[in-house]
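Chains as they are written, first to last, in the numbering used here: chain A, 1 to 291; chain B, 1 to 314; chain C, 1 to 349; chain D, 1 to 150.
These are computed hints drawn from the structure, not numbers from a lab.
Even glycine gets a Cβ: it sits at the ideal position worked out from N, Cα and C.
Watch out, some of these pointers could steer you wrong.
[Unchecked claim] Below, a list of computed lysine-lysine pairs in the DSS-like style, where the Cα atoms sit at most 30 Å apart:
#1 Lys65(C) with Lys37(A)
#2 Lys90(A) with Lys77(C)
#3 Lys241(B) with Lys97(A)
#4 Lys65(C) with Lys97(A)
#5 Lys4(C) with Lys191(C)
#6 Lys65(C) with Lys89(A)
#7 Lys90(A) with Lys65(C)
#8 Lys173(A) with Lys90(A)
[What the hints assert, rightly or not] To be clear about the criterion: a stretch of chain D counts as covered by chain B if any three or more of its residues have a C-beta under 8 Å from a C-beta of chain B, and this derived list gives those stretches:
#9 89-99
#10 127-141
[As the list claims (entries may be wrong)] Here are the simulated distance ranges between beta carbons:
#11 Lys70(B) with Glu210(A): 44 to 52 Å
#12 Ser3(C) with Arg128(B): 34 to 42 Å
#13 Val164(B) with Arg51(D): 43 to 51 Å
#14 Ala343(C) with Thr28(A): 55 to 63 Å
Okay, here's what each chain looks like letter by letter:
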Amino acid sequence: MSDTHVCTCNPSTQNPYLPISMVLQRVTDEVDDRTIKSFDLAFAREEDARCFKYTPGQFCEVSVFGEGEAPFGIASSPTEQGFVRFTVKKAGVVTTKLHNCKPGDVIGLRGPLGNSFPLDLMRGKDIVVIGGGFAFTTLRSLIIYLLESGERDRFGKITVIYGARDPGLLMYKEDLAAWEQRGDIEVCQTIDRGVPGWSRRVGFVPNVTEEVAPNAANAVAVICGPPIMIKFTLPVMTKLGFGKEQIYTSLENRMKCGIGKCGRCNVGHKYVCLDGPVFSMAELDQLPSEY
Amino acid sequence: MSALQTVRDTVAGWLRSGEIELFIGYEAGTVPLRATPTFIRNPEDVDRLIWDATCENNLAAFLPKYRGKKVGIMVKGCDSHAVIGLLQEGQVIRENLRIVGVHCPGVVDVRRVAAQLGVPVEQIDDARIEGEQVIVGEQTLALRDVLFEGCQTCTCHAPAIYDVTLGEPVVDAAEGDSFAHVREMEALSAEERWVRFAQELERCNLCFACRNACPMCYCNICFVDRSMPRWFNQTTQPEDKQFYQVMRTFHLAGRCVGCGACTRACPQGINIRLFLDKLRADVQELYGYEAGEDAEAKPPLTTYREDDYNDFIL
Amino acid sequence: MLSKKALTSTLYDLMDLYRVIAPCQRDGELRFDRVSSPREIVLDYGNTAKSPKGVFFPQNEAMIKFGRQVDQFNQIKQVPLDRTPTVLLGVRPCDARSFLLLDAVFAQGRYLDPYYQARRQNTLIVTMACASPRQTCFCHAFGSGPYDREGSDIFLRDAGDAYLVEGVSQKGRDLIYQGYLGRASQAYLDKAVEIEAQANARLADIEPVAGIEKLLPGLFDSPIWQEISEKCIACGTCTYACPTCHCFNIEDRVLANSGERVRAWDSCMYQFFTQHASGHNPRPDQAARWRQRTMHKFEYLPRNVGLFGCVGCGRCVQSCPVRLDIRGVLRRVRAAAEAAATAGANVEE
Amino acid sequence: MADTTNKEQWQPKILAFLCNWCSYAGADLAGTSRLQYPPNVRIIRLPCSGRVNPIFIVEALRQGADGVLVSGCHPGDCHYLAGNYYARRRFALLQRYLEYLGIEPGRVQFSWVSASEGGRFAEVVTKVTEDVRALGPSRHLNINAVATKK
Numbered sequence: 001m002s003d004t005h006v007c008t009c010n011p012s013t014q015n016p017y018l019p020i021s022m023v024l025q026r027v028t029d030e031v032d033d034r035t036i037k038s039f040d041l042a043f044a045r046e047e048d049a050r051c052f053k054y055t056p057g058q059f060c061e062v063s064v065f066g067e068g069e070a071p072f073g074i075a076s077s078p079t080e081q082g083f084v085r086f087t088v089k090k091a092g093v094v095t096t097k098l099h100n101c102k103p104g105d106v107i108g109l110r111g112p113l114g115n116s117f118p119l120d121l122m123r124g125k126d127i128v129v130i131g132g133g134f135a136f137t138t139l140r141s142l143i144i145y146l147l148e149s150g151e152r153d154r155f156g157k158i159t160v161i162y163g164a165r166d167p168g169l170l171m172y173k174e175d176l177a178a179w180e181q182r183g184d185i186e187v188c189q190t191i192d193r194g195v196p197g198w199s200r201r202v203g204f205v206p207n208v209t210e211e212v213a214p215n216a217a218n219a220v221a222v223i224c225g226p227p228i229m230i231k232f233t234l235p236v237m238t239k240l241g242f243g244k245e246q247i248y249t250s251l252e253n254r255m256k257c258g259i260g261k262c263g264r265c266n267v268g269h270k271y272v273c274l275d276g277p278v279f280s281m282a283e284l285d286q287l288p289s290e291y
Numbered sequence: 001m002s003a004l005q006t007v008r009d010t011v012a013g014w015l016r017s018g019e020i021e022l023f024i025g026y027e028a029g030t031v032p033l034r035a036t037p038t039f040i041r042n043p044e045d046v047d048r049l050i051w052d053a054t055c056e057n058n059l060a061a062f063l064p065k066y067r068g069k070k071v072g073i074m075v076k077g078c079d080s081h082a083v084i085g086l087l088q089e090g091q092v093i094r095e096n097l098r099i100v101g102v103h104c105p106g107v108v109d110v111r112r113v114a115a116q117l118g119v120p121v122e123q124i125d126d127a128r129i130e131g132e133q134v135i136v137g138e139q140t141l142a143l144r145d146v147l148f149e150g151c152q153t154c155t156c157h158a159p160a161i162y163d164v165t166l167g168e169p170v171v172d173a174a175e176g177d178s179f180a181h182v183r184e185m186e187a188l189s190a191e192e193r194w195v196r197f198a199q200e201l202e203r204c205n206l207c208f209a210c211r212n213a214c215p216m217c218y219c220n221i222c223f224v225d226r227s228m229p230r231w232f233n234q235t236t237q238p239e240d241k242q243f244y245q246v247m248r249t250f251h252l253a254g255r256c257v258g259c260g261a262c263t264r265a266c267p268q269g270i271n272i273r274l275f276l277d278k279l280r281a282d283v284q285e286l287y288g289y290e291a292g293e294d295a296e297a298k299p300p301l302t303t304y305r306e307d308d309y310n311d312f313i314l
Numbered sequence: 001m002l003s004k005k006a007l008t009s010t011l012y013d014l015m016d017l018y019r020v021i022a023p024c025q026r027d028g029e030l031r032f033d034r035v036s037s038p039r040e041i042v043l044d045y046g047n048t049a050k051s052p053k054g055v056f057f058p059q060n061e062a063m064i065k066f067g068r069q070v071d072q073f074n075q076i077k078q079v080p081l082d083r084t085p086t087v088l089l090g091v092r093p094c095d096a097r098s099f100l101l102l103d104a105v106f107a108q109g110r111y112l113d114p115y116y117q118a119r120r121q122n123t124l125i126v127t128m129a130c131a132s133p134r135q136t137c138f139c140h141a142f143g144s145g146p147y148d149r150e151g152s153d154i155f156l157r158d159a160g161d162a163y164l165v166e167g168v169s170q171k172g173r174d175l176i177y178q179g180y181l182g183r184a185s186q187a188y189l190d191k192a193v194e195i196e197a198q199a200n201a202r203l204a205d206i207e208p209v210a211g212i213e214k215l216l217p218g219l220f221d222s223p224i225w226q227e228i229s230e231k232c233i234a235c236g237t238c239t240y241a242c243p244t245c246h247c248f249n250i251e252d253r254v255l256a257n258s259g260e261r262v263r264a265w266d267s268c269m270y271q272f273f274t275q276h277a278s279g280h281n282p283r284p285d286q287a288a289r290w291r292q293r294t295m296h297k298f299e300y301l302p303r304n305v306g307l308f309g310c311v312g313c314g315r316c317v318q319s320c321p322v323r324l325d326i327r328g329v330l331r332r333v334r335a336a337a338e339a340a341a342t343a344g345a346n347v348e349e
Numbered sequence: 001m002a003d004t005t006n007k008e009q010w011q012p013k014i015l016a017f018l019c020n021w022c023s024y025a026g027a028d029l030a031g032t033s034r035l036q037y038p039p040n041v042r043i044i045r046l047p048c049s050g051r052v053n054p055i056f057i058v059e060a061l062r063q064g065a066d067g068v069l070v071s072g073c074h075p076g077d078c079h080y081l082a083g084n085y086y087a088r089r090r091f092a093l094l095q096r097y098l099e100y101l102g103i104e105p106g107r108v109q110f111s112w113v114s115a116s117e118g119g120r121f122a123e124v125v126t127k128v129t130e131d132v133r134a135l136g137p138s139r140h141l142n143i144n145a146v147a148t149k150k
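Work the whole structure out from these sequences, hints included.
Spelled out as structure tokens, the structure:
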């Protein structure tokens, strides 16, 4: 095992705890209150870039050396070359330090880890993407992938419902604007309460979902958001005819190793880091509600 | 009727009348010479309650968890001082408590039993207490020789706060300074003291049993668990263990009642009271204060006198 | 056969070739540690307070070191793996079996743990049969026993003034062939059998654990967890004493000009073990943590890797500051499952 | 660390917690009066000596300070009336406790220095520096000392 070249694409021969070095390329404020930023990381070494193959829905352990590691879903899409993006809310020790990082800083990366959104299952079907607030990161990855992977025609209608408390808290504004210009994706942005200058939808995500009423026949839905949003959206989906096996979500539990060893992210006998983070509602039904 | 049975009946009465919803006492454990805490909600279960020299835990440590609830508790003399400490710091409300205060002759220390017999602790399989004797297999030891070290110089056998009492008053041991171990340590050179401290802590696992067994360690978030600022790494590097123990014990300055629960809880047998008792001795010497004596008193570090000890200042 | 008199010289030979780790008296406790002289070794003991899992999975170990350049830690290096040929001498059969569970976690599956593997692959396990099981022992509840060879490379049995030496694995047999052992006479064989019978006679009656993994799934929302955990003071003693508990934390430890990423034992008994940065905690109380501890050992691990996360060494029973007895927990689980089954049957009627 | 390995080049590092109103002003005065004192102190300004949590002192030793000085207003002069009185009790216990555990006397010291006592500040710093120099590099509780040993 060498000290210099490490990637996790062949985990059996490599040290899965050893991060690769990334260089922070760009930091973007995503929301008005500046608590959420996107970090675009570029590969320090060519071979790492070649090895690092991921699918929307996967996550990485991001290190700020000297502070620690934390898991974040990948917000960029594999179709976006040259960087890996993470959108991070300032909350704990590592995220606070990350928010203070400047372009050029070295950041550690382990991954990609975990499973991904069920792209195979999605092919040939309509896709409904429902997101709330900060939990839109891997959904962005998914949407960009659906649009840009060169196989747009292999997916049916794409409907995106994305809500936040107010316009300033909607992330990825440029992407949203660009998607709205396209004819091959329907984007419904919503805010909880109307404000002057806002011409799009107003209302909570569950209500908007009911209004938009995506067709459940031959569709797969992905829902990510605060637990309360998911709780109230699920009955709406059921009403619209979505079965539990048609609805997917992504779990977040506290993690350390990300590789199924350290024993804290499990929900029942399933490890969020290994068996997840993406689960169908049908799978979650079989598990205790420990998340 | 035995005194214990009277207490059981009293507890059952409290539970029946709704004076308390829960009684925290001791029941026989599965490990020899060590009783286990028990939580009784049903008056029919009071016969589980026991009292003898195996009841080593300080049950007052459970009280902050039941803040606001009506709870009964069994306390030894030293434990009762912890209850006073908790009252003093507003962690419990007297009206909510029903206290069985025990006149305690001291609790048995299995480690000393093992040491006397020259066997490892875990090899003591078949042992029981009969009167003033501890019977281990074929051998008999005098209970007073295998009491917890702190119990041998105890000056608080009698409960200081109670609603009913159990047992006969115990006469304080005439012999012995209760801080003799502190004086011994003080007599060593600085380097010898450090070696003593470091060697004790070498065994520390950082399991936090000492903190969690302590009735006065009730912080919602202990400094070792804080992330902002993060003071502590969960590693067992010697300095990390020393740092933890220095700060935890110092946080008990003027608050530690000297019950020894931390020391008995330590799975590694670290003599934590050797350190804590220095603080108790100094608080007594400098500020004439003993923790857990008076629920109305001001704890020594929350007050001052203009003529306080000042010689140490340049 | 190896006479006890010849043990010292054999150990000296062994120490020329291997790092020998055995129970030694250190800082006032019996602990598995590197042996510098055969005289330090204590083979006649009940069990160590801490299990030997630390030999392969130390309580804390630096995995990565980082150096500083300008004002940032950015020089990253893996800590070299420890491949020192090692003999782990004098573990008890319960602990030898615990390594099988640790192997399943660290050395099998999608990701392998190189730090664990390096040590494990280069270590030979010499187990000492357990001649005097304690009252906290319940290895036999798992179908094992004080003379179980599973997980050992070499197995030693007490035969009075000699040990009977038995190669269990190929690795173990290879080492024995390198050595010079006398053939045991019938008298020694008889003595060993006698000691074994005495050991087995000391075992208390206990219900087998097998089957409990089928009862647990139905008890997730049972009130027993609240009852069981009420006396728990949430220290991590049981998990640190346990030979199979393997949950860990990864933290960065920073010195003046360097730093390291340390893996340190952690415990599911701690409040902050699962708490999110947001403050949300999926296991918000001690009842949920006890459920996790029990289910992890007796349901999830059997389901995921086919082994119980418990070998019945009794250390947690012995070291618990409030004597919360895992055997009692298992009895409680059975009783609750039976009660639920009876209630269910009544409903069906 | 390089400076602790070489005995000749070694200079004690002393961390001083100074109260804003008296001792920090005293240090300022020492500076503006061009009084000479050893450059070994690193100063952290706090509103009051009463703000000094004992953990600051122990953490300083842990992070490699060879000595710690806490200085506040003279008794009776506290800007917040009694902060230094409370602090005095804590410090008395802490100093005796640390010494009890084997930290050499002199590593952790306390003083009262008023805003007008520039000269006294220089004297205090000189004394503490010389005391700590005599004791040599800090060995106990110091995470970096171990790193050097290894």
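Evaluation of the provided hints:
no.	hint	verdict
1	Lys65(C) with Lys37(A)	holds, 28 Å
2	Lys90(A) with Lys77(C)	holds, 28 Å
3	Lys241(B) with Lys97(A)	holds, 26 Å
4	Lys65(C) with Lys97(A)	holds, 19 Å
5	Lys4(C) with Lys191(C)	holds, 14 Å
6	Lys65(C) with Lys89(A)	holds, 27 Å
7	Lys90(A) with Lys65(C)	holds, 26 Å
8	Lys173(A) with Lys90(A)	holds, 19 Å
9	89-99	holds (count 11)
10	127-141	holds (count 4)
11	Lys70(B) with Glu210(A): 44 to 52 Å	holds, 48 Å
12	Ser3(C) with Arg128(B): 34 to 42 Å	holds, 40 Å
13	Val164(B) with Arg51(D): 43 to 51 Å	holds, 46 Å
14	Ala343(C) with Thr28(A): 55 to 63 Å	holds, 58 Å
In terms of the numbered hints stated before, the structure departs from none.
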